[in-house]
Amino acid sequence: MSTVTAKPGEATLPAETAAVSRVPAHQVLAFGVMTALLIVAPFAVYPVFLMKALCFALFACAFNLLIGYVGLLSFGHAAFLGSAGYATAHAAKVWGLPPEVAILFGTAVAGVLGVAIGAVTIRSRGIYFANITLAFAQMIFFCSLQAKFTGGEDGIQAVPRGTFLGLLDLRQMYVLYFVVLAIFLVGFVVIYRAIHSPFGQVLKAVRENEPRAISLGYRAEHYKLIAFVLSATLSGLAGGTKAIVFQLASLTDVHWTMSGEVVLMTLLGGLGTVFGPVVGAFILVALENYLAQLGAWVTIVQGAIFVVCVLTFRRGVVGELGRLLRKPL
Amino acid sequence: MTIFGIPPQALFGQLLIGLINGAFYAMLSLGLSVIFGLLNIINFAHGALYMMGAFVAYFALQWAGIGYWPSLLIGPLVVGLVGIVLERTMLKRLYHLDHLYGLLLTFGIALVIQGVFRNEFGSSGLPYGIPKQLQGGYNLGFMFLPMYRAWVIVFSLVVCLGTWYVIERTRLGSYLRAATENPALVQAFGINVPRMITLTYGFGVALAALAGVLAAPIYQVNPLMGADLIIVVFAVVVIGGMGSILGSIVTGFALGVVEGFTKVFYPEASNTVIFVIMALVLLVRPAGLFGRTA
Numbered sequence: 001m002s003t004v005t006a007k008p009g010e011a012t013l014p015a016e017t018a019a020v021s022r023v024p025a026h027q028v029l030a031f032g033v034m035t036a037l038l039i040v041a042p043f044a045v046y047p048v049f050l051m052k053a054l055c056f057a058l059f060a061c062a063f064n065l066l067i068g069y070v071g072l073l074s075f076g077h078a079a080f081l082g083s084a085g086y087a088t089a090h091a092a093k094v095w096g097l098p099p100e101v102a103i104l105f106g107t108a109v110a111g112v113l114g115v116a117i118g119a120v121t122i123r124s125r126g127i128y129f130a131n132i133t134l135a136f137a138q139m140i141f142f143c144s145l146q147a148k149f150t151g152g153e154d155g156i157q158a159v160p161r162g163t164f165l166g167l168l169d170l171r172q173m174y175v176l177y178f179v180v181l182a183i184f185l186v187g188f189v190v191i192y193r194a195i196h197s198p199f200g201q202v203l204k205a206v207r208e209n210e211p212r213a214i215s216l217g218y219r220a221e222h223y224k225l226i227a228f229v230l231s232a233t234l235s236g237l238a239g240g241t242k243a244i245v246f247q248l249a250s251l252t253d254v255h256w257t258m259s260g261e262v263v264l265m266t267l268l269g270g271l272g273t274v275f276g277p278v279v280g281a282f283i284l285v286a287l288e289n290y291l292a293q294l295g296a297w298v299t300i301v302q303g304a305i306f307v308v309c310v311l312t313f314r315r316g317v318v319g320e321l322g323r324l325l326r327k328p329l
Numbered sequence: 330m331t332i333f334g335i336p337p338q339a340l341f342g343q344l345l346i347g348l349i350n351g352a353f354y355a356m357l358s359l360g361l362s363v364i365f366g367l368l369n370i371i372n373f374a375h376g377a378l379y380m381m382g383a384f385v386a387y388f389a390l391q392w393a394g395i396g397y398w399p400s401l402l403i404g405p406l407v408v409g410l411v412g413i414v415l416e417r418t419m420l421k422r423l424y425h426l427d428h429l430y431g432l433l434l435t436f437g438i439a440l441v442i443q444g445v446f447r448n449e450f451g452s453s454g455l456p457y458g459i460p461k462q463l464q465g466g467y468n469l470g471f472m473f474l475p476m477y478r479a480w481v482i483v484f485s486l487v488v489c490l491g492t493w494y495v496i497e498r499t500r501l502g503s504y505l506r507a508a509t510e511n512p513a514l515v516q517a518f519g520i521n522v523p524r525m526i527t528l529t530y531g532f533g534v535a536l537a538a539l540a541g542v543l544a545a546p547i548y549q550v551n552p553l554m555g556a557d558l559i560i561v562v563f564a565v566v567v568i569g570g571m572g573s574i575l576g577s578i579v580t581g582f583a584l585g586v587v588e589g590f591t592k593v594f595y596p597e598a599s600n601t602v603i604f605v606i607m608a609l610v611l612l613v614r615p616a617g618l619f620g621r622t623a
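Just so you know, the sequences run in chain order A and B.
Note that this note's numbering has the first sequence beginning at 1, numbered continuously upward.
Note that this note's numbering has the second sequence beginning at 330, numbered continuously upward.
Pulled out of the complex, with its shape left as it was, chain A reads as follows (with noise of 0.2 Å):
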């Protein structure tokens, strides 16, 4: 899991950052490489698949920003999805907001609701965090099973998809598309930035040494609330994005098992690598796709696959590809 080289007596704190703001050529390349393949895939491959898929990967990106930068491994996830693709499909639905408005708003209900849940959970660490993440995700998920707009167990459906921007109609599937691939890649920059800022430096030194990084004057607690509250707030973009490209928020996505292919996914790719949620994303969710007539076999694939990768595949698909290659990606 670390990335971070601190050698003894030798910190990497915002003093050394100088060579940190510049971005290394190899994931520049890595980037135009996913960016590429992106924009061509719509025209070989089936868009809804991609942008499910997209969708994912977003939300497996926030929650690395978690697991992979503060070392925090929340099961909660679901939550933040979940409640963003209701309140999305609420505003787009039932006040009839454009998408992009509703989707901001779904957000900002993610966002609330990290600085909520991180205010009371952000002391605790390791198995704990865990643990108490999953069970706010629970209370999320009932909630969501008993009030009234969410719809209990039908959700909320035929949400409708509107014009983004008041110009570009997103009941035309090409363009929805490359809407939501420019909100994935929006969300994959800020995350990459925030990583690779003063601030995300901090975070690992936070996850490596905390005592050593507050005895040298940071607040670990209010940067770690800060991650918390970033990681979700994007889940929330990906979770409205996903109700506007399905039409639909459901109980599916406030559900633990959600908490958990996040985790999967994020595991499988490589934790803390910047490419590796996509990957595991774009992995589970075609694995998912073959497999979905097979019915229980999904799960038991997907258990499998979490007890292989953490028996003997820790580092994922791309960080085994970046140890290959000896360059981080």
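Treat the hints loosely; a few may be bogus.
[As the list claims (entries may be wrong)] Covered stretches of chain B (in silico footprint by chain A; criterion: 3 or more residues with CB under 8 Å from a CB of chain A, positions within the stretch not fixed):
hint : region
1    : 421-435
2    : 443-454
3    : 562-576
[To be verified] Straight-line distance between alpha carbons at most 25 Å, and here's what the computed SDA-like set of lysine to any residue pairs gives:
hint : chain 1 : residue 1 : chain 2 : residue 2
4    : B       : K421      : A       : V301
5    : A       : K148      : B       : P596
6    : A       : K148      : B       : A608
7    : A       : K148      : B       : S599
8    : B       : K421      : A       : V308
9    : B       : K592      : A       : G151
10   : B       : K592      : A       : H255
11   : B       : K421      : A       : Y128
12   : B       : K421      : A       : R125
13   : B       : K421      : A       : T312
14   : B       : K421      : A       : I127
15   : B       : K592      : A       : A147
16   : B       : K421      : A       : A304
17   : B       : K592      : A       : F149
18   : B       : K421      : A       : G126
19   : A       : K327      : B       : L426
20   : B       : K421      : A       : R315
21   : A       : K148      : B       : V605
22   : A       : K148      : B       : F590
23   : A       : K148      : B       : T601
24   : A       : K148      : B       : Y595
25   : B       : K592      : A       : D154
[Unchecked claim] Cβ pair distances, simulated, as ranges:
hint : chain 1 : residue 1 : chain 2 : residue 2 : range
26   : A       : E288      : B       : L553      : 15 to 21 Å
27   : A       : L325      : B       : N511      : 40 to 46 Å
28   : B       : E510      : A       : R219      : 29 to 35 Å
29   : A       : E288      : B       : V487      : 43 to 49 Å
30   : A       : H222      : B       : L553      : 38 to 44 Å
31   : B       : F518      : A       : R212      : 32 to 38 Å
32   : B       : L553      : A       : R219      : 40 to 46 Å
33   : A       : G152      : B       : Y494      : 42 to 48 Å
34   : B       : R614      : A       : Q172      : 54 to 60 Å
35   : A       : V33       : B       : P523      : 44 to 50 Å
36   : A       : Y290      : B       : Q462      : 49 to 55 Å
Don't read these hints as lab results, they were simulated from the structure.
The C-beta atom is built at its ideal place from N, Cα and C for all residues, glycine as well.
Go by the hints and put chain B onto chain A.
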């Protein structure tokens, strides 16, 4: 006659259901606590193994004609062995890593077990009858008490207190507590700590299976019976204080009762009340009601 505007039948009925649920919370969180104390992992497979306990009882009856009473022993033994195999083959490899990997591994195991059972038996429940000796019930005047439910409450209370006694008051338990504090030192005294870890995991899992057998006549045997229950039990463990033996027993029963009363007075909140309590407890005492600060 009414109490707080509620007919006593309803009140005591929910109290009984609460105690039953509390008995299962207590047994499951006790197993989790014992495992967490020594292995430092949260056993996500606990719900799946609880379900397996119920299924062992079901198979024993269907295939071999073995009834409820022997199943109370067979279920925990079989599932305990499964647990020991899991610990020896997989969990053991993760002790040198971050404890979160243990959580992820057991989560994966839970998905596999639940998926396999769901493939074989679907999602609907399979009936499991109440044993002959425990059918019927007592009329207490203010309510009807089914004998089986009374048996579950008493039996699980005995099991929980027995476990507490063994861990807190016997020599074996003192080894266990010592190994929780400092495994390296205990090993230096000549105690086989790895074997103790294996057996502890097996024991914790066997407790889950025992709860599963007890639950079979009440909730039916269902591949997903442990899936959502375990999340509530996690919250119970957090409230009680992770790793605290007495804490998990007391909070288990208490929260079951609280949940039951919530069903009477404010049914909408009955699913969330435990999580709300958890949030409040964390604000006041981050280590849980009975936990020591880490």
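Hint-by-hint comparison with the structure:
1. 421-435: holds (count 10)
2. 443-454: holds (count 5)
3. 562-576: holds (count 5)
4. K421/B to V301/A: holds (22 Å)
5. K148/A to P596/B: The given pair, whose Cα atoms are some 15 Å apart, holds under the 25 Å limit.
6. K148/A to A608/B: Distance ~24 Å between K148/A and A608/B Cα, so the pair holds.
7. K148/A to S599/B: holds (17 Å)
8. K421/B to V308/A: Judged against 25 Å, a Cα distance of about 14 Å means the pair holds.
9. K592/B to G151/A: It holds: about 22 Å lies between the C-alpha atoms, which stays within 25 Å.
10. K592/B to H255/A: holds (22 Å)
11. K421/B to Y128/A: holds (21 Å)
12. K421/B to R125/A: Distance ~23 Å between K421/B and R125/A Cα, so the pair holds.
13. K421/B to T312/A: holds (13 Å)
14. K421/B to I127/A: holds (18 Å)
15. K592/B to A147/A: Holds, at about 17 Å.
16. K421/B to A304/A: holds (18 Å)
17. K592/B to F149/A: holds (22 Å)
18. K421/B to G126/A: holds (19 Å)
19. K327/A to L426/B: With Cα atoms ~24 Å apart, K327/A and L426/B stay inside 25 Å; holds.
20. K421/B to R315/A: holds (19 Å)
21. K148/A to V605/B: holds (20 Å)
22. K148/A to F590/B: holds (24 Å)
23. K148/A to T601/B: Answer holds: K148/A to T601/B is near 16 Å, not above 25 Å.
24. K148/A to Y595/B: holds (16 Å)
25. K592/B to D154/A: This hinted pair holds, its Cα atoms lying about 24 Å apart.
26. E288/A to L553/B: 15 to 21 Å: For E288/A and L553/B the Cβ distance comes to about 19 Å; the hint holds.
27. L325/A to N511/B: 40 to 46 Å: holds (43 Å)
28. E510/B to R219/A: 29 to 35 Å: Given a distance of about 32 Å, which is inside 29 to 35 Å, the answer is holds.
29. E288/A to V487/B: 43 to 49 Å: Since E288/A and V487/B have Cβ atoms about 46 Å apart, the given range 43 to 49 Å holds.
30. H222/A to L553/B: 38 to 44 Å: holds (41 Å)
31. F518/B to R212/A: 32 to 38 Å: holds (34 Å)
32. L553/B to R219/A: 40 to 46 Å: At roughly 44 Å between Cβ atoms, R219/A and L553/B fall inside 40 to 46 Å, so the hint holds.
33. G152/A to Y494/B: 42 to 48 Å: Given range 42 to 48 Å: holds, Cβ gap about 46 Å.
34. R614/B to Q172/A: 54 to 60 Å: Holds - the Cβ-Cβ distance for R614/B and Q172/A, about 55 Å, lies within 54 to 60 Å.
35. V33/A to P523/B: 44 to 50 Å: Hint holds: Cβ distance 47 Å, inside 44 to 50 Å.
36. Y290/A to Q462/B: 49 to 55 Å: holds (51 Å)
In this structure, every one of the numbered hints holds.
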